[in-house]
Amino acid sequence: MRYDPFTRRLFLTGLGGAVLALPLLPSLLPRALRAKAEAQAGAPPRRFVALKTYNGMPVNDFYPRNPPAGYSRHSVDGTVALREPLRVATGRHASGRTYFGHAAPLTDFADAPLSNVFGTAFGRFYDQMTLFRGLDFMPNLNHNHGGFLGNLGLRTNGVGGALPGAQINATIDHVMARSPAVYPSIPSGPRVLHVGSRRNTCSYAPTNPDDPLAVGLGAVQQAQAYTNPRTAFDVLFEGFAPPAPGMTPAPERPRPTSRLVDRVMEDYRRAARGPNLSAADRRTLERHLAHLAELEARLEGPGMGPGATPGACEPRAPGAIDTGGEFDVSVPAITGFWEAMVDVVALALACDVTRVATIDVAKMVIPEAGGTFGMGDSENPNAAGRSNWHLQAHEWDANAQRWIGLGNQWVAQTVVHRLLTRLGEVSERDGQSLLHHSLVLWGNELSFNHLNYSMPTVLFGRAGGRVRAGRYIDYIDHDQPIRFRQHDGSVIEGVQYNRLLVTLMQAMGLAPSEYERVAGRGFGETRAIEKGSGFAVDYDDSNVGEPLPDLMA
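In the numbering used here, the protein residues as written are 94 to 646.
Be aware that a few hints might be false.
Distance windows between CB atoms, simulated [to be verified]:
| no. | residue 1 | residue 2 | range |
| --- | --- | --- | --- |
| 1 | Thr-465 | Arg-620 | 42 to 52 angstroms |
| 2 | Arg-176 | Asp-421 | 46 to 56 angstroms |
| 3 | Arg-561 | Phe-466 | 35 to 45 angstroms |
Just so you know, these hints were derived from the structure itself, not from any lab. Even for Gly, the Cβ is constructed at its ideal location relative to N, Cα and C.
Using the sequences and the hints, build the whole thing.
Structure follows, in structure tokens:
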């Protein structure tokens with residue numbers, strides 16, 4: 094595995110000019126133009142990023158176990174029990190009993206790491222974070238690629254192929270990508286960007302792009318990922334190619350060095366002191382000043398020497414990184430690959446080259462105290478020893494549990510946190526961050542063992558204010574009997590995962606007619622296929638087409 098060093102210079106180079114641009118301040122416009130400018134500016138576009146990991150997640154690593162003052166623990170697994178019921182009921186059981194999820198502000202957990210996976214570094218994102226528990230796939234899907242994004246009819250690995258009787262459909266990223274709410278016009282880059290450490294992805298595209306709601310095995314095809322950040326970059330930014338030999342290059346625009354940032358900031362400060370600036374515009378300008386100060390610090394910080402000269406969305410290409418085979422798990426190479434790929438994705442979103450992306454994380458690093466090592470996923474559960482993520486999920490001994498927990502902690506810090514940081518560094522025209530106007534979903538193919546109950550799921554961003562954030566929400570009805578336990582998880586009713594899919598699409602601006610095949614039935618397979626009487630199946634099917642309770646703003 095080979096890679097060239099790749100620093101944050103690429104990201105900041107691409108964003109420098111965009112950040113320095115003065116945000117729209119309607120109060121400084123002539124009165125005759127003010128209303129027109131505000132109407133034409135409109136809301137910034139929304140972006141969607143889906144990031145998937147594999148082979149399940151230890152419940153005791155993903156969810157909080159240290160109760161803040163006034164909280165207690167669930168006796169069955171030691172996780173924190175939430176106290177406040179949601180304002181909106183999840184539904185009714187077959188008995189007629191109404192049941193509610195529960196929630197807690199993430200700030201209640203601010204005095205310690207939220208969980209083993211989400212360390213203290215995530216505290217800065219609590220206002221943009223929603224941690225979910227109790228989101229259940231309806232079919233008994235086992236290993237799968239596309240369930241995370243709504244194709245709940247196809248399995249993988251040893252149970253591969255179509256789940257008998259289940260609906261097979263394209264995933265929500267491709268449904269979003271065909272909506273004028275997401276793309277009012279044709280984007281300069283791909284409608285959906287797929288990247289990952291292997292070619293197969295969590296995404297299924299419609300065979301006929303003009304019919305994203307078609308169903309059946311022949312109606313979809315698995316999307317393939319770019320596995321080299323340089324290749325992804327070239328596809329995304331081919332329009333930014335340098336002039337051909339012999340051609341006169343365009344005059345170079347001024348580049349914002351640290352001293353230029355100083356001058357621009359002083360201009361902004363003078364504007365902020367102006368008597369005609371409204372309170373709302375003053376707050377916008379103050380947020381932009383804070384953003385500039387952070388940019389200035391990065392320009393002068395480690396890795397950003399005097400030659401770092403960010404321009405107006407003029408990206409510089411990363412080095413090429415060969416990811417190698419599924420068990421080519423060099424720690425420096427895995428780390429360098431994900432740092433580069435995350436920066437390319439964030440840059441593409443910030444430059445509005447694409448608005449929808451998927452990230453498949455099939456390689457991770459295990460920061461074991463006795464020696465850090467890499468781990469890759471394979472559809473063969475019997476190969477490569479400790480380097481096989483799939484094998485370790487089958488073993489589930491003390492080492493496997495520790496390694497998988499540490500690996501997901503590494504993914505959270507190295508991949509997820511880096512992406513959130515990059516998106517948070519960009520201000521949109523309304524003064525809010527690109528992260529605020531996005532939805533970043535991190536999920537898995539499995540929960541505990543090979544089950545799909547209480548899928549480990551976290552959402553970042555607010556889709557520009559369409560989604561409430563800042564809470565840990567547990568949709569499990571803990572008054573229901575536990576049907577059985579496997580590993581460290583319990584089989585008990587929560588809420589249909591389909592309702593999360595509906596929430597995401599509505600938050601991105603889609604109308605039900607754009608994703609429903611049958612009015613009121615939401616998206617994806619909603620039946621409890623291959624779940625016998627021993628499984629938890631007592632859900633309210635009448636509201637499966639509605640968004641998750643108490644989540645939409």
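key: Which numbered hints fail   = Violated hints: none at all, because every hint is consistent with the structure.
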